[in-house]
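Heads up: the sequence shown begins at 1 in the UniProt record's numbering, then just goes up one per residue.
Some hints could be false.
What the hints assert, rightly or not - Computed spacing ranges between beta-carbons, pair by pair:
1. D279 with M214: 31 to 37 Å
2. Q166 with R193: 24 to 30 Å
3. D279 with A42: 23 to 29 Å
4. P190 with A42: 40 to 46 Å
5. K208 with P81: 37 to 43 Å
6. A287 with S123: 32 to 38 Å
7. D279 with K133: 29 to 35 Å
8. A124 with W286: 32 to 38 Å
Said to hold, decoys possible - BS3-like cross-link-like pairs, simulated, lysine-lysine; straight-line CA separation at most 25 Å:
9. K105 with K77
10. K143 with K133
11. K77 with K102
12. K75 with K275
13. K133 with K77
14. K102 with K80
15. K143 with K80
16. K102 with K133
17. K275 with K143
18. K143 with K105
19. K75 with K105
20. K38 with K75
21. K140 with K102
22. K275 with K102
23. K275 with K80
24. K105 with K133
25. K38 with K105
26. K208 with K192
27. K275 with K77
28. K38 with K102
29. K38 with K80
30. K102 with K75
31. K143 with K192
32. K143 with K77
33. K38 with K77
34. K275 with K140
Hints in this document: simulated from the structure, not taken from any laboratory. Cβ coordinates follow ideal geometry from the N, Cα and C atoms, glycine included.
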Amino acid sequence: MNAVTSVEKCQVDNANIRFCNVKTSRTPPPPDPDEPSKVAEAIASWGLDYVVITSVDRDDLPDQGSGHFAETVQKLKILKPNMLIEALGIPDFRGDPGCVEKVSKSGLDVFAHNIETVEELQSAVRDHRANFKQSLEVLKLAKEYADAGTLTKTSIMLGCGETPDQVVRTMEKVRAAGVDVMTFGQYMRPSKRHMPVSEYITPEAFEKYRILGMDMSGTWKILLENTIVPVLLCLEFKERQLDVTYAPVCGQGFRYVASGPMVRSSYKAGEFYIKSMIDADRAMSWASSSPSPLPAA
1 MNAVTSVEKC QVDNANIRFC NVKTSRTPPP PDPDEPSKVA EAIASWGLDY VVITSVDRDD
61 LPDQGSGHFA ETVQKLKILK PNMLIEALGI PDFRGDPGCV EKVSKSGLDV FAHNIETVEE
121 LQSAVRDHRA NFKQSLEVLK LAKEYADAGT LTKTSIMLGC GETPDQVVRT MEKVRAAGVD
181 VMTFGQYMRP SKRHMPVSEY ITPEAFEKYR ILGMDMSGTW KILLENTIVP VLLCLEFKER
241 QLDVTYAPVC GQGFRYVASG PMVRSSYKAG EFYIKSMIDA DRAMSWASSS PSPLPAA
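Assemble the whole structure, with the sequences as input and the hints as a guide.
Right, here's the structure in full:
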């Protein structure tokens with residue numbers, strides 16, 4: 001499979017992110033209006049079947065860059081209808097449902113918005129305008145707005161000072177939001193002026209997170225409708241009929257987990273598996289929508 005990551009609107013970012021080495025500006029220049037066409041035409045000429053498109057945050061724009069992102073995907077789908085498109089590092093758009101809807105309905109195949117770190121370290125790691133709850137809501141909205149079969153994906157960096165318990169709780173809440181794919185990688189400090197590395201996670205620990213993420217069905221997380229704190233219940237697999245007052249939010253693991261020191265959110269090995277998932281989902285959707293053959297006369 002041929003795949004590549006393409007970056008647009010990336011000259012400057014207007015977010016203050018403590019782990020990112022992209023140049024920032026309070027007054028970045030406007031995006032090139034011809035960029036969606038240029039990017040689509042360039043990618044279409046490369047003979048790819050899977051492309052990852054990413055961008056910086058542009059909260060300074062009226063639509064926060066959502067229209068630019070969506071237009072790029074739409075133009076590329078016109079040129080290459082069968083190409084699989086992953087939109088990676090999609091901003092949280094400050095939680096604006098309209099912006100999320102615009103990108104989700106653009107025709108992309110994978111909607112990837114990174115929560116970056118565990119819930120407890122959000123304010124220490126991310127821009128002050130971002131937060132865990134807002135990111136989860138973006139991922140939920142994307143699943144709601146996008147076409148059936150569209151995958152949602154997120155990623156966190158390890159080595160920022162998180163504890164194993166915090167990682168597990170974050171995984172559970174992310175899966176509860178309906179996210180299909182999750183990746184884990186080691187945080188690496190871009191320069192001395194960036195956030196320092198708290199710990200280098202062992203390959204064995206990364207593998208344990210991968211296994212846990214793929215098989216979370218041994219326990220169930222049950223969330224009371226009007227509470228914030230989840231209640232952990234260990235249930236026999238046969239006891240899956242739950243009282244309607246509760247909502248089962250984690251009955252099975254992620255569909256795919258990539259976890260390792262060198263893994264990044266655009267991890268290439270994952271793209272092979274993601275492509276197979278999309279192809280399988282589309283085949284099932286086509287089969288279910290096809291009319292049943294008429295009985296023989």
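Right, here's what the structure says about each hint:
no.	hint	result
1	D279 with M214: 31 to 37 Å	violated, 20 Å
2	Q166 with R193: 24 to 30 Å	holds, 26 Å
3	D279 with A42: 23 to 29 Å	holds, 25 Å
4	P190 with A42: 40 to 46 Å	violated, 27 Å
5	K208 with P81: 37 to 43 Å	holds, 41 Å
6	A287 with S123: 32 to 38 Å	violated, 47 Å
7	D279 with K133: 29 to 35 Å	holds, 34 Å
8	A124 with W286: 32 to 38 Å	violated, 46 Å
9	K105 with K77	holds, 12 Å
10	K143 with K133	holds, 16 Å
11	K77 with K102	holds, 15 Å
12	K75 with K275	holds, 21 Å
13	K133 with K77	violated, 32 Å
14	K102 with K80	holds, 20 Å
15	K143 with K80	holds, 23 Å
16	K102 with K133	holds, 20 Å
17	K275 with K143	holds, 18 Å
18	K143 with K105	holds, 10 Å
19	K75 with K105	holds, 13 Å
20	K38 with K75	holds, 10 Å
21	K140 with K102	holds, 14 Å
22	K275 with K102	holds, 23 Å
23	K275 with K80	holds, 16 Å
24	K105 with K133	holds, 22 Å
25	K38 with K105	holds, 21 Å
26	K208 with K192	violated, 30 Å
27	K275 with K77	holds, 16 Å
28	K38 with K102	holds, 20 Å
29	K38 with K80	holds, 14 Å
30	K102 with K75	holds, 14 Å
31	K143 with K192	violated, 38 Å
32	K143 with K77	holds, 20 Å
33	K38 with K77	holds, 14 Å
34	K275 with K140	holds, 21 Å
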